[in-house]
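Undergrad: Residues per chain are reported as follows:
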Amino acid sequence: MRRWIVVFISLLVISILLDLFLVVGEGHDGFPWSHIAGFFALFGFIGCLVLMGVAKLLGHYWLEREEDYYGKNDDDE
Amino acid sequence: MMTMSNFPLAIIFVLGAMLLPLLPRQARSWAYLAVVSIAFVFLINLEAGATLSFPFLNYELVVSRVDRLSLAFGYVFVIMGFLGGVFGFHVKDTLQQVVALLYVGSSLGVVFAGDLFTLLVFWEIMAVSSVFLIWARRTPQSRRAGFRYLLVHAFGGSVLMAGVIWHMVSTGSILFNHFEGGIASYLILFSFALNAAVPPLNGWLPDAYPEGTVTGSVFLSAFTTKVAVYALARGFAGLELLMWAGAIMAVYGVVFAFLANDGRRLLAYHIISQVGYMVAGVGIGTEMGVNGATAHAFAHILYKGLLFMGMGTVLYATGRSKMTELGGLFRSMWPVLILFMVGAFSISGVPLFSGFVSKSMVIYAAELEHQGAVVLLLNLASIGTFLSIGLKLPYFTWFSTDRNLKPEPVPPGMYLGMALTSAICIAIGVYPALLYNLLPFAVHYQPYTASHVIESMQLLIFTGLAFWLVMRKLHAEATITLDTDWVYRRPSRLAYRVFSVAPASLFEAVEQLSLRLARSTVRLGANPPGYLLDTIRTIGHTFFGTKKPVPEPETFSPDRYRIPLGIMVLVVLLFLIALLAWDVIT
Chain A
1 MRRWIVVFIS LLVISILLDL FLVVGEGHDG FPWSHIAGFF ALFGFIGCLV
51 LMGVAKLLGH YWLEREEDYY GKNDDDE
Chain B
1 MMTMSNFPLA IIFVLGAMLL PLLPRQARSW AYLAVVSIAF VFLINLEAGA
51 TLSFPFLNYE LVVSRVDRLS LAFGYVFVIM GFLGGVFGFH VKDTLQQVVA
101 LLYVGSSLGV VFAGDLFTLL VFWEIMAVSS VFLIWARRTP QSRRAGFRYL
151 LVHAFGGSVL MAGVIWHMVS TGSILFNHFE GGIASYLILF SFALNAAVPP
201 LNGWLPDAYP EGTVTGSVFL SAFTTKVAVY ALARGFAGLE LLMWAGAIMA
251 VYGVVFAFLA NDGRRLLAYH IISQVGYMVA GVGIGTEMGV NGATAHAFAH
301 ILYKGLLFMG MGTVLYATGR SKMTELGGLF RSMWPVLILF MVGAFSISGV
351 PLFSGFVSKS MVIYAAELEH QGAVVLLLNL ASIGTFLSIG LKLPYFTWFS
401 TDRNLKPEPV PPGMYLGMAL TSAICIAIGV YPALLYNLLP FAVHYQPYTA
451 SHVIESMQLL IFTGLAFWLV MRKLHAEATI TLDTDWVYRR PSRLAYRVFS
501 VAPASLFEAV EQLSLRLARS TVRLGANPPG YLLDTIRTIG HTFFGTKKPV
551 PEPETFSPDR YRIPLGIMVL VVLLFLIALL AWDVIT
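Chains as they are written, first to last, in my numbering: chain A, 1 to 77; chain B, 1 to 586.
This is chain B alone, in the form it adopts within the complex (with noise of 0.2 Å):
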């Protein structure tokens, strides 16, 4: 029986979605913000433990799995599917607003997916939706790196299915809960490591993510990636190798980072460093570990889609959105540095802003488990992460050379957006038991302790001393890094020249051949003696330096090739003079 208590909360948003282009343009707007608001209220309705299951061949499909878990999930993909419809207000594109529908509903539909086809379909929606965000900037670069995101996932996608199937045949179950080992979980592994941007599966994020529109990279930051932490963290919490890729990929995504030229690659990059740290608490495993990976990913996808909000309204004010081309902003833009720096403290873990009570949760697991190298590597990303989106992006961006850019007005919704956001994102700071009663167990950790402020601030301070020390130093380069999507985007010429260039010269080739065998045929029928002397010529000419020769006309006359009647005499007188020598001779 549906009920409010076990709702699917994405056939409202598949039904708003349907809906919305049948309204004026003026409404649409205002309708998408109707749509994720009705979604809260069935959202706020739902209780932990219910299910929703339909009879489906020999198996039972369960489209709403409610747990806490799926619920600490669901509120922020519903909180953040709100702020993103507010920043982008302005936008009058109906495909960008439906798709950002479908893909927040299809979000919501993994994460209650109590069964692997309901996640599996829902998955491949995900995919499907947000690809038109970033095709909706409608430029080359956006058009072809959305294709590139889109094969990406399309294998994902088929490699999860692959896995869903061979479990379904192994297990004859196909409920999505912890996975016990096997090639069907592994397969089904990878399919969440690429989602979850694991390197060396990371290659696409970066590379898509600055490409999408303004609104639309919002809401990218905010949802693929988290849905695969939630599906790791639902199927393979504890596994000691994703601790050890979740720390050594928080440490990836600042190295990278710090190389980024557009500031919204940076940002991507981030995302990759920061969901290292959940990836890290979900290996970890224990309740303090997916607390803290659940708590991260709460926080995580508010800041970041704040900070993306910010470099999304500098984008849309000057057109710009590389460092080598940004500058002198902060007489022009300065409340959108105020509301930048709330999202860039936050990641960075200042205390009371948001990160500071989610991050050190994760970090906190770890020291739980005795893992210190885990612990340090954690750090170091954190120190990397403030460098860059605490210190060097803003100072690049609003200050550095002054470029004299002259911004457009931004429209106030993407102003509103952007302050709601961070006063959650401060809300949280203050007051951790907002998020903190939202996570999957009960929480025994208490972040504002002595200890953990004094560290966090020495580690803050001093990195903000050793980037002062070197700040001149630095400059912005403009220049792309490779990164792991140089094994499919380089070799793909290669593949090109082999597979598409090479048979189409090849066959041209023959072609040719082919024809100008025809041609000479038709010139020896035509003019049989014409093109043997024609040869004989230019042999000659080519071998023996004997002049260029003439060209004999294309068709035969008798009379030219017609040999002189003194020739014929004299050959005959000779024949005769041959005839008696040898009759004297015998």
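Chain A on its own, in the form it takes in the complex (with noise of 0.2 Å):
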């Protein structure tokens, strides 16, 4: 677990030092994000965590049935 975890934060700190060196200074779309070293790291960690919780909620409170919802599938009318 610990090992993993140092894994994930050495390519954290790798992946914004790529981005401070190679990237944001070509600055080269001019989105506000453009200019901030790794941007997308956190993009992926907070939408993927985001995304989980949405759908879990829709899912729960809304969008999840029991399998025979429809109607049984297993007769032949």
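Think of the hints as simulated: they come from the structure by calculation, not from any bench.
Ideal Cβ placement from N, Cα and C applies to all residues, glycine included.
Some hints could be false.
One side of the interface only, derived from the structure: several residues of chain B facing chain A at Cβ under 8 Å [claimed, not checked]: (1) Val255; (2) Glu369; (3) Asn379; (4) Gly384; (5) His475; (6) Thr481; (7) Thr484; (8) Met568.
Using the hints, put the two chains back together into the complex; each one sits in its own frame.
TA: Here's what the structure looks like:
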């Protein structure tokens, strides 16, 4: 567990450094986030958690139903 | 004049579909591949700019219109038709082979159609042939899902027909080019959007595709939606509505995919998500946008076919496709995992795989137009894609709880099909010019820049981190998810009650009533005094608690109801007394 955390943190640091030296300086497309080093790392992390959370909430409170909600599937009419 | 440069490819497939059933059973899989190979030979001889038209009434039917846009889709359809045939080489079901040929052929028919009549005809053949790939599974679920699929597409086809006729009357032309607005083009847009599964017209796709046969779903995943993308690119490029619809659709698909339990339904939701990129690219409408949509359609058809092959192989070997029933297949089915992961990395846009060089083109087109919201929505969809297909689905299928499944052996053709498709996915990722040279416009885009590679890796690695943190808490649930197919599935029961059950029970009630009336009349006629006595006694029993009456005999007998002589004498005497009394008083 701890070893993996170390791996991820070092990947984060490396990617931010790469971002700083190779990308942000170019200012290639002029969006507000283009100048934030490591933006996509943060976006990936938070976006993933938000997606899972939103999907689970939607499913739990609204969309998920029993498998035979539309009628049993094994009868032969 | 029909020549090699404008040959309508659909003819080859229709002829092939007619000949195939006449061949010996053992030869049919080879014959299928031969037909597709012949079509490929004709395809590489087509020349951009060639057309083939016939006069028809007062119009010109353009059955073949070859240009770079139609060629790009034509190539990938023929390639996928071939790969699907390799994957399904073991199939001994003539029905599936014939309808697969018709389905591929009619898709090509739409793509090379230069006028709206030809388009409409092939559009309908696509719907009718593809439904047999669902029915061929021969389960009650697939039969019903197939009927719903057919009804939805019949409806879409009718809307298209209305639009085409309206367009023809109002403009006097049946040529299929960019539409300029008006009610006719909105009707046509509606039917195209229905086939592209743009929400809220998406319910049919995740309803039907998971119910297809193992090989049938591979075909289904490739054609209908991408033909619609082609039609949108041809008719509605630059429509801003489509850009937003596409961006929202991309996220919609991943949210629903995350809730899916059936692996093939999860993949079906990712078709919606991936088609969202293409629709967004079409909506942006610049050369980069349409190029991106075409490139992504090309790459998507292959890796989505590969993913459906992978899950189809699992279904073939274990008979299961739900994550709640799968798990621990790594030891027995690791080669399938490796091939599946090629598809998963491609769809997630991992560098060196095909999705990386195609989806980024759509995102880049949005960047060029300064559509920041679209860029972020599409990147969010990428996160969800990697989450569900790159991580969750393989985790629950090949790892997670070991359910001690004993997979059946898998025919070599299935492995070969997956291996060939994987090879193309990697080839496109490593050498994007293969794909870029086929695109409708000259490509001014370089996917392998430092910033793009770094941003993608950041996105993917930290999606992985987030998944890994919550992985132990995740568990697949044996549920289904409501989607817009609810609109015609659930109220259909109400409609069934209102229009079928209710009239039937009303008729039955009236029938019962008239029968009882008739029976009462008969009884009254057969024994009037008995009937009257019965009625009086029943009333007495019901309301005044007298003892339960013994029913009177059904037929009249004079002796039973004859009044005794003494009573008659008494009545006469009383009457005489009354008369006398009356006389005395008056």
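Undergrad: Against this structure, judge whether each hint is valid.
TA: We went through each hint and held it up to the structure:
For Val255 of chain B, the interface hint holds, the least distance from its beta-carbon to any beta-carbon of chain A being 5 Å, beneath 8 Å. Against a cut-off of 8 Å between C-beta atoms, the interface hint on Glu369 of chain B is violated, since the closest Cβ of chain A lies about 11 Å away. A hinted interface residue such as Asn379 of chain B counts as satisfied when its beta carbon comes closer than 8 Å to some beta carbon of chain A; here the least separation is about 7 Å, so the hint holds. The closest approach between the C-beta of Gly384 of chain B and any C-beta of chain A is roughly 5 Å, which is under the 8 Å cut-off, so the hint is satisfied.
Because the closest C-beta pair between His475 of chain B and chain A is about 11 Å apart, greater than 8 Å, the hint is violated. Taken as an interface hint, Thr481 of chain B checks out: its beta carbon lies about 5 Å from the nearest beta carbon of chain A, inside 8 Å. Hint on Thr484 of chain B is violated. Least Cβ distance to chain A is approximately 11 Å, over the 8 Å limit. Interface hint at Met568 of chain B: violated, since its Cβ lies 68 Å from the closest Cβ of chain A, which is beyond the 8 Å cut-off.
The earlier numbered hints that this structure contradicts are 2, 5, 7 and 8.
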